[in-house]
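Q: As a plain string of letters, each chain reads:
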Amino acid sequence: DTGVSQDPRHKITKRGQNVTFRCDPISEHNRLYWYRQTLGQGPEFLTYFQNEAQLEKSRLLSDRFSAERPKGSFSTLEIQRTEQGDSAMYLCASSSGRGLAGELSYNEQFFGPGTRLTVL
Amino acid sequence: KNEVEQSPQNLTAQEGEFITINCSYSVGISALHWLQQHPGGGIVSLFMLSSGKKKHGRLIATINIQEKHSSLHITASHPRDSAVYICAVRMYSGGGADGLTFGKGTHLIIQP
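Protein chains in written order, with my numbering: chain L, 1 to 120; chain Y, 1 to 112.
Derived from the structure by calculation, the hints contain no laboratory data. On a predicted model such as this, the values are computed, not experimentally measured, just so you know. It is possible that some hints are incorrect.
[Claimed, not checked] List of simulated lysine-lysine pairs, DSSO-like, C-alpha gap at most 30 Å:
(1) L:Lys57 - L:Lys71
(2) L:Lys57 - L:Lys11
(3) Y:Lys68 - Y:Lys104
(4) Y:Lys104 - L:Lys11
(5) L:Lys14 - Y:Lys104
(6) Y:Lys104 - Y:Lys55
(7) L:Lys14 - L:Lys57
(8) L:Lys57 - Y:Lys55
(9) Y:Lys53 - Y:Lys68
(10) Y:Lys104 - Y:Lys53
(11) L:Lys71 - L:Lys11
(12) Y:Lys68 - L:Lys57
[Stated by the list, open to error] Away from chain L, derived, C-beta distances all over 12 Å, residues of chain Y:
(13) Gly16
(14) Glu17
(15) Asn22
(16) Ser24
[As the list claims (entries may be wrong)] Partial pick of chain L residues on the chain Y-facing surface, computed with a CB cut under 10 Å:
(17) Gly16
(18) Gly42
(19) Tyr48
(20) Phe110
In this text, a Cβ means the ideal position worked out from N, Cα and C, and glycines have one as well.
Just need the whole structure built from these sequences, with the hints factored in.
A: Here's what the structure looks like:
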């Protein structure tokens, strides 16, 4: 499979529990993004990695949220002390940060299937 | 006011009709994406453009940077085109910010 994969696809948890999601990007992609989408709304940006460096974080990413990409490959998104308002689809996307000649470039983002979180 | 506005929010049309979905944005951008989302959540990238026009099969995307406006057109629409179409922009930033800002989407239903 050469696409972006996410695990789990669905997660149901009780309020106050911690949850962790995983994203495996397309193998040659050095950029990885996390987004959140609530029902009936467009996605919202959460955070972005270039290789293992977390370069950008949205103000939506409260202290209860943490994301890592330790080896510049897969990434994890952890939510601590979940709240009902955290219920959403969490989407991961990846892209190549290089152009055809190897120069720095912004390219198309490829999305994973998402992890749907329900907090009871 | 949302930085990315789409219209219409909902669109129902008959099979074969020419479809236009509009996207307006209020900030400087370096790229605009059109995305397709089917029930169940999966998002597929249709186009990324920063100027002019792109065509892929029955889909055409145009952008007018001066007017801060983009359109997605579907020719000879088919029920399988039924989905939510989302416009997203990468805002221009000297700091190299890459996170996209999304519209709320246009829910398209094509009836047989």
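Q: Look at each hint and say if it fits the structure.
A: Here is how each hint holds up against the structure:
As the CA atoms of L:Lys57 and L:Lys71 are separated by approximately 19 Å, the hinted pair is consistent with the 30 Å bound. Using a Cα cut-off of 30 Å, the hinted pair L:Lys57 and L:Lys11 holds, with the two alpha carbons roughly 24 Å apart. Proposed proximity of Y:Lys68 and Y:Lys104 is supported: the alpha carbons are some 17 Å apart, at most 30 Å. Among the hinted pairs, Y:Lys104 with L:Lys11 is consistent with the structure: their alpha-carbon atoms are about 24 Å apart, no more than 30 Å.
Between the alpha carbons of L:Lys14 and Y:Lys104 the distance comes to roughly 29 Å, so the proposed pair stays at or under 30 Å and holds. Restraint check for Y:Lys104 and Y:Lys55: the C-alpha separation of about 23 Å stays at or below 30 Å, so the hint holds. For the hint linking L:Lys14 to L:Lys57, the alpha-carbon distance of about 26 Å falls within 30 Å, and the restraint holds. Restraint check for L:Lys57 and Y:Lys55: the C-alpha separation of about 34 Å exceeds 30 Å, so the hint is violated.
For the hint linking Y:Lys53 to Y:Lys68, the alpha-carbon distance of about 14 Å falls within 30 Å, and the restraint holds. Between Y:Lys104 and Y:Lys53 the CA atoms are separated by roughly 23 Å; this keeps the pair inside 30 Å, and the hint holds. Straight-line distance between C-alpha atoms of L:Lys71 and L:Lys11 comes to about 25 Å, which keeps the hinted pair within the 30 Å bound. The straight-line distance between the Cα atoms of Y:Lys68 and L:Lys57 is roughly 26 Å, inside the 30 Å bound, and the hint therefore holds.
Taking the minimum C-beta to C-beta distance to chain L, about 28 Å, the non-interface status of Y:Gly16 holds against the 12 Å cut. A cut-off of 12 Å between C-beta atoms confirms that Y:Glu17 is not in contact with chain L; the least separation is 24 Å. For Y:Asn22, the requirement that its beta carbon stay farther than 12 Å from each beta carbon of chain L is met, with the minimum near 15 Å. The non-interface label for Y:Ser24 is consistent with chain L: the shortest C-beta to C-beta separation is roughly 14 Å, beyond 12 Å.
Restraint check, L:Gly16 versus chain Y: the minimum CB separation of about 25 Å is more than 10 Å; hint violated. A cut of 10 Å between beta carbons decides the hint on L:Gly42: the least distance to chain Y is about 4 Å, and the hint holds. At its closest, the beta carbon of L:Tyr48 sits 5 Å from a beta carbon of chain Y; the interface hint therefore holds under the 10 Å criterion. For L:Phe110, the interface hint holds, since its Cβ comes within 10 Å of a Cβ in chain Y; the closest pair sits about 6 Å apart.
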